[in-house]
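Participant: Chain by chain, the residues run as shown.
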Amino acid sequence: MCCAGRGPGVPFGSLFETPHVSHFVVWTPHRKQWMHLGVFEDGRFRRETEGVSQRGPWHGTRVERPGAAGDTGDPRPRVGGLVATSTAGSRDAPKPAHLAEAGAVESRCVRPRIAPSHPFVSRLDALTTRLKLWRVAQMGPGVRVLGDVYVHGGGRITLGRDVTIDGRGVPVELHAEPGAELVIGDGVTFEPGASVEAQTRVDIGPGCHLGRLSKVLDNHFHPVRGDRLQRPTSKPVVLEAHVSVGARAIVLPGAFLEANVTLGPGVVISRRVKAGLHLVGSPPRVERPTA
Amino acid sequence: MKLLDHLRAFETPRPVRQALVRLIGLTAFPNCTVGRGSGAWTRIVVDVKGRATIGDHVLFFSGLAPCELKVAPGGALSIGHDCTFNYGVSVEVRREVRIGDRCMFGSFVRIADGERGPVVLGDDVWVAHGAVIEPGVTVGDGAVVSAGAVVTADVPPRTMAMGNPARVVPLSLAGEPAERP
Amino acid sequence: MSAPRERLRSFIVDTFFVEDFQDSDSFLKTRLIDSTGMMELVAFLESDFGVKVADKELVPENLDSIDNLVRFLKSKGVQ
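Protein chains in written order, with our numbering: chain A, 1 to 291; chain B, 1 to 181; chain C, 1 to 79.
Chain A on its own, in the form it takes in the complex (with noise of 0.2 Å):
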C-alpha cells in the first residue's frame, strides 16, 4: 500500500502489509526497540494511541489475530502474537515477531511534507547538501538540505536517514556545543528558521517535525535568580518517534516528549509528555488525543 500521499497524519517509519491491513513501526533508537505507532487501512491512518504504553513503546502487548470482524465486536483488524524487544540494539534487528509471523512486507515511506523545488534548484541543492552538512558527524543517505542550514558549535552531530531540511527563507540551526551530542533520527523534518541546541545531548526521534521558528534547546544560558553570567547545568532533552513540534514553539531543557505527541504553534514545555497528547496554549493544556 503506497503510504506517499496526500494528508497531514502519514508518519516516518517502516511499512509491514499484512492480508488485511498496514502496520507502522519506528525504531526508537533511544529504546533500541520497534515501536508500533498505528494501522492504515482504507486509505487513512489511524495512530495507535492505545497501543502505546504510558512509560514505555508497545511491548508486551498481546492483541487478538486477524479475522473476521464480528470475532470481538470491534471493526479494527488486529494482529496477534507479542511484539519482540529487540537485544540486538542495532536497527537491523528483528522486527516485531508478531508481523513477522504474519507474513509482513517491508516496505519504506517517507512523509511527504516539504513542497517540492524546481527539479534544476532541486538537483542544486542535492550537490550542495554534502557540502552544507560538512560539520556533521554522521548522516544516513537520502538527506536532503534545501535552502541554508547552520551548524556550528563543534559538537557531535548525526542524522539519520531521509532527514529532511528546508532552510529557504530563514536557516536551520543545528548548534552542538564541544562535547554535547545532537542525535537525529531517520525521516526527521525541519521547517524553516528552527534551531536545535544541545550543550549536552538532545535526542529527535524517528519521523519528528520540527515547525517554523521552533526551538529546542537543552540549556537555558542564564540561571533566573543569581549571576545572569554564570551558565546553568544542562537537562538533555529528548523527544521519541514522531513527535511534531508546532511553529514557534519552544521545548526547553529537561523536556522529555513521548511518541505521537503534537505540539501546538507557541507551546513551551519543559516536562514529561504522556504519549500521544496534543498540547496548545500557554501554558499547555491537553486537546483531545489525536487517534
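No wet-lab data here; the hints were simulated from the structure. Ideal placement from N, C-alpha and C gives every residue a C-beta, glycine not left out. Hints may be right or wrong, so weigh each one.
[Claimed, not checked] Examples of chain C residues lying across from chain A (beta carbon under 7 Å, computed):
| no. | residue |
| --- | --- |
| 1 | Phe17 |
| 2 | Thr36 |
| 3 | Gly37 |
| 4 | Glu40 |
[What the hints assert, rightly or not] Here are the simulated distance ranges between beta carbons:
| no. | chain 1 | residue 1 | chain 2 | residue 2 | range |
| --- | --- | --- | --- | --- | --- |
| 5 | B | Ala28 | A | Gln230 | 32 to 42 Å |
| 6 | B | Arg116 | A | Pro141 | 51 to 61 Å |
| 7 | B | Trp41 | C | Ala54 | 26 to 36 Å |
| 8 | B | Asp141 | C | Glu46 | 26 to 36 Å |
| 9 | B | Pro156 | C | Ser47 | 24 to 34 Å |
| 10 | C | Glu57 | B | His57 | 35 to 45 Å |
| 11 | A | Arg123 | B | Asp154 | 52 to 62 Å |
| 12 | C | Val51 | B | Gly117 | 30 to 40 Å |
| 13 | C | Gly50 | B | Pro73 | 24 to 34 Å |
| 14 | B | Asp154 | C | Glu46 | 50 to 60 Å |
| 15 | B | Thr152 | C | Gln79 | 27 to 37 Å |
Knowing the structure of chain A, use the given hints to seat chains B and C on it.
Facilitator: Quick look at chains B and C alone, frame taken from chain A:
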C-alpha cells in the same frame, strides 16, 4: 513555483556574507548615537528616522536572522549600557522605547510600542527567546520574561512573566537558584 | 465529584509523572514541578475548580504542596 522565484530565494552563501562583514568592520548605525565598544559584527537592519541612543558595550549577535532597529519619524529609542541582543531581535519604535542597563534579549524577541503607550524596560531585565513585549508595558528592574511569553501588562521588578498572555509570578516560584524558569 | 485533594493528586500524578509524594511535600523543593508546571497547575485550578487566582495569590504558600492547595481552595470557597 517558477524557477525565477526559487532562484530569488537563493541567498548569497553565508561564508561570502561573513567575509564581507569582516571586511567592512563594525556595522554602521546610521542616525544613531552609539556608545563606546558597541556594535554588531554581523548584518543588522537599522532604519532610524527619529532618534536612537545606544549606550556603551551594547552587542548584537549574529545568527539565523538579523536584528532590527526601526524608529519612526519623531520616535525615540534609548538603550542603556552593557546590553546584549541575540539574533533576530526586532525593536520597533513609534514614539518611545526605553531600555535600561545590562538587559539581555534572547533570539527573536519582539518589542514594539504603539497606541497603548511606550515600552519601558528597567535595568537587569532578561527577556528570553521568542518573547513578545506589547505596547504600553513597563518591565521592572531585575525581571525575567520567560521564553515564548507574550507580555501585555506591566511586570513588577524582580518577578517573572510567563505564558500567553503572560502572568506574573514571583521569582520564589521559579525553583532553586541553580534552576531556570 | 471526588474531594479536591483526590482531584489535585490525580491531576499531578497524571500530568507530571510522579507518584510517591506526600501531601505536605513542597513541589519546588523536591523538584516535582517547575515554574512552567506551576502555571499549568494554576490553569487547572481555574478551569476545573472555577476559582480565579489573582496575580498576588501566585505564591508558594498557596501552591507549593497539596496541603497548601487544599487550604487555598478552601479559602476560595471550594470544599
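Participant: For every hint, state whether the structure bears it out.
Facilitator: Results of checking the hints against the structure:
Checking Phe17/C against chain A: minimum C-beta separation of about 5 Å stays under 7 Å; hint holds. Interface hint at Thr36/C: satisfied, since its Cβ lies 5 Å from the closest Cβ of chain A, which is below the 7 Å cut-off. A least Cβ separation of about 6 Å between Gly37/C and chain A falls short of the 7 Å threshold, and the interface hint therefore holds. The interface hint given for Glu40/C holds, since its Cβ lies 5 Å from the closest Cβ of chain A, which is under the 7 Å cut-off.
The hint said 32 to 42 Å for the Cβ distance between Ala28/B and Gln230/A, and at roughly 34 Å that hint holds. One distance hint, 51 to 61 Å for the beta-carbon pair Arg116/B and Pro141/A, holds here, with the actual separation near 54 Å. Between Trp41/B and Ala54/C the C-beta distance comes to about 46 Å, which lies outside the given range of 26 to 36 Å. Between Asp141/B and Glu46/C the Cβ separation comes to about 30 Å, which falls inside the hinted range of 26 to 36 Å.
Look at Pro156/B against Ser47/C: about 26 Å separates their beta carbons, and that is inside 24 to 34 Å. A C-beta distance of roughly 40 Å is found between Glu57/C and His57/B, which places it inside the suggested range of 35 to 45 Å. For the pair Arg123/A and Asp154/B, the beta carbons lie near 55 Å from each other, so the given range of 52 to 62 Å is met. The supplied range of 30 to 40 Å is met by Val51/C and Gly117/B, whose beta-carbon atoms lie about 31 Å from each other.
As the Cβ distance of Gly50/C to Pro73/B is approximately 50 Å, the hint placing it in 24 to 34 Å is violated. Separated by about 21 Å at the C-beta atoms, Asp154/B and Glu46/C break the suggested range of 50 to 60 Å. In this structure the supplied range 27 to 37 Å holds for Thr152/B paired with Gln79/C, their Cβ-Cβ distance being about 34 Å.
The structure fails hints 7, 13, 14 (numbered hints given earlier, in ascending order).
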